[in-house]
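2 protein chains.
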Amino acid sequence: MAEAAPKQRSPAAPRPVRCIVKLGALSGCGAAITNKGELESIDEESLRSACAQLRQAMSDGTAPEKVRGMDWSRRPGDPADPVVDAEGFAGMAGLGLDSNFVVVHGAGSFGHFQASRSGVHKGGLHSTLVKAGFVATRISVTSLNQEIVRALAREGIPSVGMSPFACGWSTQRRNLASANASQIIESLHAGFVPVLHGDAVLDESLDCTILSGDVIIRHLAQLLTPKYVVFLTDVHGVYDRPPTDPNAVLLKEIEVDDNGGWSIVKPALEGNRKGVEISVAAHDTTGGMETKILEAAVIARLGVDVYITKVDTEHSLRALKGDVNTSSDDWLGTVIRAAK
Amino acid sequence: MAEAAPKQRSPAAPRPVRCIVKLGALSGCGAAITNKGELESIDEESLRSACAQLRQAMSDGTAPEKVRGMDWSRRPGDPADPVVDAEGFAGMAGLGLDSNFVVVHGAGSFGHFQASRSGVHKGGLHSTLVKAGFVATRISVTSLNQEIVRALAREGIPSVGMSPFACGWSTQRRNLASANASQIIESLHAGFVPVLHGDAVLDESLDCTILSGDVIIRHLAQLLTPKYVVFLTDVHGVYDRPPTDPNAVLLKEIEVDDNGGWSIVKPALEGNRKGVEISVAAHDTTGGMETKILEAAVIARLGVDVYITKVDTEHSLRALKGDVNTSSDDWLGTVIRAAK
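Protein chains in written order, with the numbering used here: chain A, 15 to 354; chain B, 15 to 354.
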């Protein structure tokens, strides 16, 4: 977690950001909106649902029921002209949306293939393979970004794509070194929803590396102090062991103390069992329970609640609205928050 | 031409940029690589040729003949997996390219439709139509950017897309107000070819407007002082009247003096005729001879030669190589340069 403080040239945000949303798992591979194991394949239905729920969560009660899309471009493979309801837009007093959200996504089945074939994360741009891989990785992740921006726009959300590389974000031995968020803040002021993504970036020591969506979220959470952060994933939350295990227990509430230690508040586990789980977790590789909780704990310690829920469920809608009650029996998800 | 000096936070470039290339006409609509009058349609053959010629112009003599593509993504509508020659790349000592180029493109048949339906250039983000149009315009122009980056990458050119909006570029009453080029310079240092585009941006007075590719080129020429600037267009250069007029004469060489005045050096026109042409030009609307020459003159006065030539010809290849001889009878194109 140790990280050099990035250079800041960012103006102060005048009103707090409501929510930062990660499309895709925490410490995971962007699952939820892309199809795992299939190169550059979007799960259109999950993506559409996530965007529609985001719109519902943003609605301030005055948003018209009829959704007017903002993607006025041809879709690949669809020769039909896009529908532009200019008169409809002109007649609206406002969008009726509290669009003070930031969306971040990982690479999922975009970018990973290109990055791993070339070793971009290891750096070394003198290698033509790494240089080519850097280019190929950016093409892939920006393609996904474009599709997510379009899906949000089709739901009437004023989304704007922003690549960390183009924003000038860079790293020093993989830790953020320069990450100016002024344009993100300006875009929020102007009523737009910035959409960022894990990206290939320049690194001061290694020449280049991969900046993950989770590191972006952590940095933005520190900088913008949103009310809450939501991770939309393909499982209900963090389990005490791989969710495919029939004995896996969903951890509904985790408290983080000032020292970064954490404890499971709900469900109440028997003492013995807890010991077993932590020992299981210790053997997890990246993407395991421990990693996920530690990542989320950094955000929770800022006083920002973290919700991890399954995309396209009533739980994800509640999380996006910031309306989570862990005492309720019908809540499925994980809340990670600072101990009171 | 009057413009407030943009805020600069840009590090000095250590070696001069060789060339800034505009894909698309000067003061024109991006013609050359998109099909005029057809919504979001790329002229694939012209684009492919422009990229192949760029590769030839960049080659330092050691580039292998076999082109290894850097676009390792699926193409829309093509289910085949991309070809990745990782072993080939790993075996190369270097790319053999002097890639110290910047590429800029206009909107062409991308973005104009969305911008004009909504009036983004006039500003006013309180209007839901303008806000939607801003989103729609950016989606369209970034789609084109993505396709151009991919076309360059397929020719083995290490291209990286950079949106002016995401870079934080903004305007004040349509003049550039903030235009930090440090990331462009860093990318050039690292051996990448930045690909910028005309974009919808935030404006300090108007809320938002359109930043054209020509304004971007002018700014980058001032900042980076390239050896030469090339405009690849769909006609041979600047004519004394619309090129469709059978009497139109191609202006092969124009000199610009210190005061911004200009004179036609080649061909030698009869005194009478010259008077006629200037009077014709005076009635031209945007995109006319006068506008084009005045735009180019700003760059030429920096001591940077400007070449305007037709894409996909031997002339465009010569221009991209910076190897133009206006004394030669077989040169078709317009050179605009500072008077000696």
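Take these hints with a grain of salt, some might be off.
It does not matter which identical chain is used: a pair holds within one copy or between any two.
Stated by the list, open to error - Straight-line C-alpha distance at most 20 Å; calculated SDA-like pairs for lysine to any residue:
#1 Lys335 <-> Arg187
#2 Lys80 <-> His250
#3 Lys136 <-> Ala104
#4 Lys136 <-> Ala100
#5 Lys136 <-> Gly105
#6 Lys324 <-> Pro256
#7 Lys354 <-> Asp343
#8 Lys354 <-> Pro78
Keep in mind that the hints were calculated from the coordinates and are not lab data.
Comparing the hints with the structure gives:
Taking CA atoms no more than 20 Å apart as the test, Lys335 paired with Arg187 passes in neither setting, with 37 Å inside one copy and 38 Å between copies. When the C-alpha separation of Lys80 and His250 is checked against a cutoff of 20 Å, the pair qualifies neither within a copy, at 31 Å, nor between copies, at 50 Å. Taking identical chains as interchangeable, the C-alpha atoms of Lys136 and Ala104 lie at most 20 Å apart only when they sit on different chains, with a minimum of 14 Å there against 50 Å within one chain. Only between protomers do Lys136 and Ala100 lie at most 20 Å apart by alpha-carbon distance; the minimum there is 16 Å, versus 48 Å within a single protomer.
Proximity of Lys136 and Gly105 under a CA criterion of 20 Å is satisfied inter-copy only: 18 Å between copies versus 53 Å inside one chain copy. Proximity of Lys324 and Pro256 under a CA criterion of 20 Å is satisfied intra-copy only: 15 Å inside one chain copy versus 61 Å between copies. Proximity of Lys354 and Asp343 under a CA criterion of 20 Å is satisfied in neither setting, with 22 Å inside one chain copy and 83 Å between copies. Within a single copy, Lys354 and Pro78 get their C-alpha atoms no closer than 39 Å, and across copies no closer than 64 Å, so neither meets the 20 Å cut-off.
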